[in-house]
Amino acid sequence: MSSSTPEVWRPEDTVPPVPETPGSEIFRPDILDEIEKKIEEMSKELNVLSLDIHAHPELKYEEARTHDVLTSFMSEHGFKVEKHYLLPTAWLATYKHGSGGRTIGVNSEMDALPGVGHACGHNLIAISGVAVACAMRAVLEQFNISATIQLLGTPAEEGGGGKIKLLEKGAYKDMAACLMCHPAPGPKGSVSLSGSLAIQQLTVEYFGHTAHAALSPWEGINALDAAVLAYNNISALRQQLRPTARVHGIFEGKDWAVNVIPDYAKYICYIRAPNVTELDDVVKRILPCFPAAAQATGCEYKLTLAEKLTDIHQNKALGEEVARIVKSRYGGIDFVWGIAHASTDFGNVTYELPSLHPGFAIPTVLNGGNHTRDFAAAAATATAHQACLDVSKALAATGIRVLIDDDYFAEVKKTFEERQRF
384 MSSSTPEVWR
394 PEDTVPPVPE
404 TPGSEIFRPD
414 ILDEIEKKIE
424 EMSKELNVLS
434 LDIHAHPELK
444 YEEARTHDVL
454 TSFMSEHGFK
464 VEKHYLLPTA
474 WLATYKHGSG
484 GRTIGVNSEM
494 DALPGVGHAC
504 GHNLIAISGV
514 AVACAMRAVL
524 EQFNISATIQ
534 LLGTPAEEGG
544 GGKIKLLEKG
554 AYKDMAACLM
564 CHPAPGPKGS
574 VSLSGSLAIQ
584 QLTVEYFGHT
594 AHAALSPWEG
604 INALDAAVLA
614 YNNISALRQQ
624 LRPTARVHGI
634 FEGKDWAVNV
644 IPDYAKYICY
654 IRAPNVTELD
664 DVVKRILPCF
674 PAAAQATGCE
684 YKLTLAEKLT
694 DIHQNKALGE
704 EVARIVKSRY
714 GGIDFVWGIA
724 HASTDFGNVT
734 YELPSLHPGF
744 AIPTVLNGGN
754 HTRDFAAAAA
764 TATAHQACLD
774 VSKALAATGI
784 RVLIDDDYFA
794 EVKKTFEERQ
804 RF
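Counting in the working numbering, the sequence shown runs from 384 upward without gaps.
No lab work stands behind these hints: they were computed from the structure. The structure displayed is predicted, hence computed values, not measured ones. A virtual CB, placed ideally from N, CA and C, is assigned to each residue, including glycine. Hints are not guaranteed to be accurate.
To be verified - Here are the simulated lysine-lysine pairs, DSS-like style, with alpha carbons at most 25 Å apart: (1) K556 - K420; (2) K710 - K552; (3) K552 - K421; (4) K556 - K797; (5) K443 - K466; (6) K421 - K710; (7) K637 - K685; (8) K571 - K443; (9) K710 - K420.
Said to hold, decoys possible - For each label pair, taking beta carbons as the anchor points, the in silico distance ranges come out as: (10) Q622 - E690: 53 to 63 Å; (11) E424 - L620: 47 to 57 Å; (12) E423 - V641: 58 to 68 Å.
Using the sequences provided together with the hints, build the complete structure.
The structure is reproduced here in structure tokens:
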């Protein structure tokens, strides 16, 4: 976007659509026409599916109902479904046409957030994967293309690293490329090709000794004090961190009472940076904050590091194809909004194979972005549904080009390999 782009998104901001020149810049417009036809035909049932998922939010690795709803839908639409695929709430829907050909992968996320439900719009991500897969199936049949579609239902994006576990178990091994999308605030009609932040999740537990907080506090060792000191140690360090770094966390405890010195406290901390290299540098500076707090309070401590989530490597060739299609028929492209300052386990997928994870703008109120109740409400609107369908059309057309255009796929692989060298 231009230098006049506002630093803060406002609901009235708009990316003007680029007027369409028929056939211009579009690979196989007849295929895109078929994709549009199929997705619009499915719009009502996709909306019912989206609202059903939205009305029944389930947390990471607990997406049992959503698993069943989505697998039933895909079975009814002619896909071979493997329930509980590699993980209890993951699933795989496959459609193969003809013999030979490449395999294109698509992801559907499913999980919600504690307390705020689908405040990251995973109901839309779920139906986008369904729409892309079903539209591509229609094209394979209509144009007699030999290829395979794999739609992977991925649990636990919100803090569970579901895609990392699926990667480790080989869920992506057959895919030539993988596609998905994600809703976010942004200028109306825009699709974002921004990246995301790498993240290290960690938990530090402090162990002390209880005592009566008034009668004999000197007998206690205060685990909550240790957690608070760790938090404050990091706060003191912030001035020396790069402005691109993000560090945030919360406290948890058990059996706390105001007149009892806490003997246990947990500090859950997320550390983010623009890329893995910078993230590792920040983590090295943060880690000493935790034993220092334990030493100052006399507590024991246990530090647990979760799987690292990488930044997103948006594949340049895949992104350029989506941009051509979006600008030609649906809206505008930007590199600012989307989930640029958030994190996702799909980043790890982009390090392993050519992948794309565009954001798409849905209408919400000022300060009503992802992980707010306002955004959860926005994810159930008709406008959000149509925005989801539009980006899904572009993704489906891009996926088909991966399958049938050898020169283009060679460029996709080349840009992936070049990006991996950095």
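To see whether the hints hold, each was checked on the structure:
1. K556 - K420: Given pair K556, K420 is violated - Cα atoms ~31 Å apart, limit 25 Å.
2. K710 - K552: Measuring from Cα to Cα gives roughly 37 Å; hence the hint is violated.
3. K552 - K421: violated, 33 Å
4. K556 - K797: holds, 18 Å
5. K443 - K466: Distance of about 17 Å is within 25 Å: holds.
6. K421 - K710: holds, 20 Å
7. K637 - K685: holds, 16 Å
8. K571 - K443: violated, 30 Å
9. K710 - K420: holds, 19 Å
10. Q622 - E690: 53 to 63 Å: violated, 29 Å
11. E424 - L620: 47 to 57 Å: Holds, since E424 and L620 (Cβ atoms, about 55 Å apart) stay within the stated range.
12. E423 - V641: 58 to 68 Å: Holds - the Cβ-Cβ distance for E423 and V641, about 59 Å, lies within 58 to 68 Å.
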